[in-house]
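Going line by line, the protein sequences match chains G and Z. Per the working numbering, residue 1 is the first one in the first sequence, and the count goes up by one each step. Per the working numbering, residue 359 is the first one in the second sequence, and the count goes up by one each step.
Please note: incorrect hints may appear among the correct ones.
Simulated pairs of lysine to aspartate or glutamate, EDC-like, Cα-Cα distance not exceeding 20 Å [said to hold, decoys possible]:
id, chain 1, residue 1, chain 2, residue 2
1, Z, K441, G, E181
2, G, K253, Z, E425
3, G, K81, G, D146
4, Z, K372, Z, D387
5, Z, K448, G, E351
6, Z, K528, G, E181
7, Z, K441, G, E353
8, Z, K506, G, E351
9, Z, K431, Z, E452
10, Z, K528, G, E351
11, Z, K400, Z, E426
12, Z, K444, G, D260
13, G, K253, Z, E426
14, Z, K547, Z, E496
15, Z, K448, G, E257
16, Z, K497, Z, E486
17, Z, K481, G, D260
18, Z, K506, G, D146
19, Z, K506, G, D355
20, G, K253, Z, E536
21, Z, K444, G, E181
No wet-lab data here; the hints were simulated from the structure. Model, not experiment: these values are computed from the prediction.
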Amino acid sequence: METNIEIVKPPITNVGVIGWIRENLFSSPLNTVLTIIIASILWFSVIPFLQWALIDSYWLPDSNCKETNGACWSIITSNYKVILFGFYPQNILWRPITAIIMLVSLLIISRNRNWWNAYLGYSWLAGLIIMGVLLKGGILGLEAVDIEKWGGIILTLLLSVFGLTAAYPLGILLALGRQSEMPVIKTFCVFYIELIRGVPLISLLFMSSVVFPLFLPEGMSINAILRAQVAIIMFTAAYIAEVVRGGLQGMNKGQFEAADSLGLNYTQTMRLIILPQALKIVIPPSVSILISAFKDTSLVVIIGLYDLLKTTQSTLSDPKWMGFSAEAYIFIALIYFICCFFMSNYSRKLEKELDTGL
Amino acid sequence: MSEDKTKKVDISSKKTVIEIINMHKWYGDFHVLNNINLDVKKSERIVVCGPSGSGKSTLIRCVNRLEEHQKGKIIVDGIELTKDLKNIEKVRSEVGMVFQHFNLFPHLTIVENLTIGPIWVRKTPKKEAEEIAMHYLEKVQIAEQAAKFPGQLSGGQQQRVAIARSLCMKPNIMLFDEATSALDPEMVKEVLDVMIDLATGGMTMIVVTHEMGFAKSVAHRVLFMDEGAIVEENEPNEFFDNPQNDRTKLFLSQILH
Ligand SMILES: Nc1ncnc2c1ncn2[C@@H]1O[C@H](COP(=O)(O)OP(=O)(O)OP(=O)(O)O)[C@@H](O)[C@H]1O
Ligand SMILES: [Mg+2]
Numbered sequence: 001m002e003t004n005i006e007i008v009k010p011p012i013t014n015v016g017v018i019g020w021i022r023e024n025l026f027s028s029p030l031n032t033v034l035t036i037i038i039a040s041i042l043w044f045s046v047i048p049f050l051q052w053a054l055i056d057s058y059w060l061p062d063s064n065c066k067e068t069n070g071a072c073w074s075i076i077t078s079n080y081k082v083i084l085f086g087f088y089p090q091n092i093l094w095r096p097i098t099a100i101i102m103l104v105s106l107l108i109i110s111r112n113r114n115w116w117n118a119y120l121g122y123s124w125l126a127g128l129i130i131m132g133v134l135l136k137g138g139i140l141g142l143e144a145v146d147i148e149k150w151g152g153i154i155l156t157l158l159l160s161v162f163g164l165t166a167a168y169p170l171g172i173l174l175a176l177g178r179q180s181e182m183p184v185i186k187t188f189c190v191f192y193i194e195l196i197r198g199v200p201l202i203s204l205l206f207m208s209s210v211v212f213p214l215f216l217p218e219g220m221s222i223n224a225i226l227r228a229q230v231a232i233i234m235f236t237a238a239y240i241a242e243v244v245r246g247g248l249q250g251m252n253k254g255q256f257e258a259a260d261s262l263g264l265n266y267t268q269t270m271r272l273i274i275l276p277q278a279l280k281i282v283i284p285p286s287v288s289i290l291i292s293a294f295k296d297t298s299l300v301v302i303i304g305l306y307d308l309l310k311t312t313q314s315t316l317s318d319p320k321w322m323g324f325s326a327e328a329y330i331f332i333a334l335i336y337f338i339c340c341f342f343m344s345n346y347s348r349k350l351e352k353e354l355d356t357g358l
Numbered sequence: 359m360s361e362d363k364t365k366k367v368d369i370s371s372k373k374t375v376i377e378i379i380n381m382h383k384w385y386g387d388f389h390v391l392n393n394i395n396l397d398v399k400k401s402e403r404i405v406v407c408g409p410s411g412s413g414k415s416t417l418i419r420c421v422n423r424l425e426e427h428q429k430g431k432i433i434v435d436g437i438e439l440t441k442d443l444k445n446i447e448k449v450r451s452e453v454g455m456v457f458q459h460f461n462l463f464p465h466l467t468i469v470e471n472l473t474i475g476p477i478w479v480r481k482t483p484k485k486e487a488e489e490i491a492m493h494y495l496e497k498v499q500i501a502e503q504a505a506k507f508p509g510q511l512s513g514g515q516q517q518r519v520a521i522a523r524s525l526c527m528k529p530n531i532m533l534f535d536e537a538t539s540a541l542d543p544e545m546v547k548e549v550l551d552v553m554i555d556l557a558t559g560g561m562t563m564i565v566v567t568h569e570m571g572f573a574k575s576v577a578h579r580v581l582f583m584d585e586g587a588i589v590e591e592n593e594p595n596e597f598f599d600n601p602q603n604d605r606t607k608l609f610l611s612q613i614l615h
């Protein structure tokens, strides 16, 4: 049997680096021109940037960077505690650091859908309680830290992790409500979604800090962070709802009919048949919304909360560091970028995993 | 199949499982179903045919209340289908339905497609539901595909999975809405064979189809519908050899050339 089979290899063309370059970069006159243009743009922008950011730069805390042409990363190395943690007491920074490490570990573990089980749920619950205790203190001999003092990346992560995880299911409920056959629920959801989408987040944040307290009973006050949190959740949920609604509308009627004819009820049909498919379709736009919501948490500066952006600004207002805003903003841009990259990367992974060939 | 296997046992003494009395349905002003009367006995096989738009699909969809009727009565398994019927899911789970376009759940594997009904509607333990699923997959001869997704199967295989999915609910009645008309010709037979097998097993069936060979060998009765009404009904040999109504004659001459 095995004697007569001739193994035919694919034809060898353009092997090696030169071959690849010719094939991909200089295959046609247009391609050649584009390659040259882009290469020169990179040459004239990246090289000077690297020169500035790395070669000519200062890194040591408290160095005097006034003379140099390079970047002065000393603003970061001297002030990173304030930038990252705001007014959190500097002698007990191990507590927020531990909490953040726990959060990031849980997020990384949760990336793998094979590990989604009850234990992971319990770990999240336990993890959140421990993180809360670590940050807040006041028990177990931990020094109490006022919530007002939570700032920097603690606040950014708090607002976004809770904001996004609460907004997503709420958005799904709103989308389902908008599709509902019950007029009261439908009207409410349409009204809510259109109202929220019709105002900028900034005005919602203002309302949460100025208008909302007016409606509270005398003597009662709700923490500013919580109010901003609620505003972010309400805002993001309305956008998620519209995206999810698009996914629901894209569903084939036959799927509902098949589920109905098996005897599945409304909740089961939605949970087991419709939402898994509809949500999968809308992963890319949902992630866009979550990413922009994450970045929009920085708007809380306008109601005086010390998130990452505000702590950076307050560092810059120190006369000693005035004029080094480029370095400071590049630093926090990098932090935002890493988080957003994590999200979009995960969404691509999820899409691939959920692809069942139909 | 052999002639004696599908030999039609006398069903006149059996009990009635579907009863439709003076039933009407409208879409807006459009009178889709006009005064339908139909009795279906246990183990009876009925084939419904008629021109496109005559209301065949609508009629069988009323039987498991995918569509509501507005006048008259539909009684399935002793339960009258009405607006205030609390658990329509119960009726639906007793009535299996197979669609022209299969309507499998593309995000679930074949075996998950089959177990989802038993697990969630019948509250069957997962293990047992999987055994039932494998049993029916073997019956429709695609047990080896159990772990695949619907998108990886051919049309004929998908339709057999869809039939198996309905059977896993152990229905008393099966409805088929043009189950073979979306299939390539070479796959029609494999699906018809499964349906014939079911009929042999004594399943009560209402089948909308244009497969006249199937109607002749399997049906106890053939109904001809036109413009929302049952125009003619007869035992298959009489129906095909000696149609009474002009519209039936025209229809038969068109589909039989
Ligand atoms: N949801 C609906 N709204 C309005 N009219 C409808 C609706 N569904 C069906 N119809 C109309 O009702 C009539 C009967 O439709 P039905 O699907 O029952 O026909 P059919 O006999 O199954 O035809 P076919 O052989 O093409 O499947 C058609 O004229 C169709 O246009
Ligand atoms: Mg039809």
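Numbers of unmet hints, in rising order: Hints 4, 5, 6, 7, 10, 11, 18 contradicted; others consistent.
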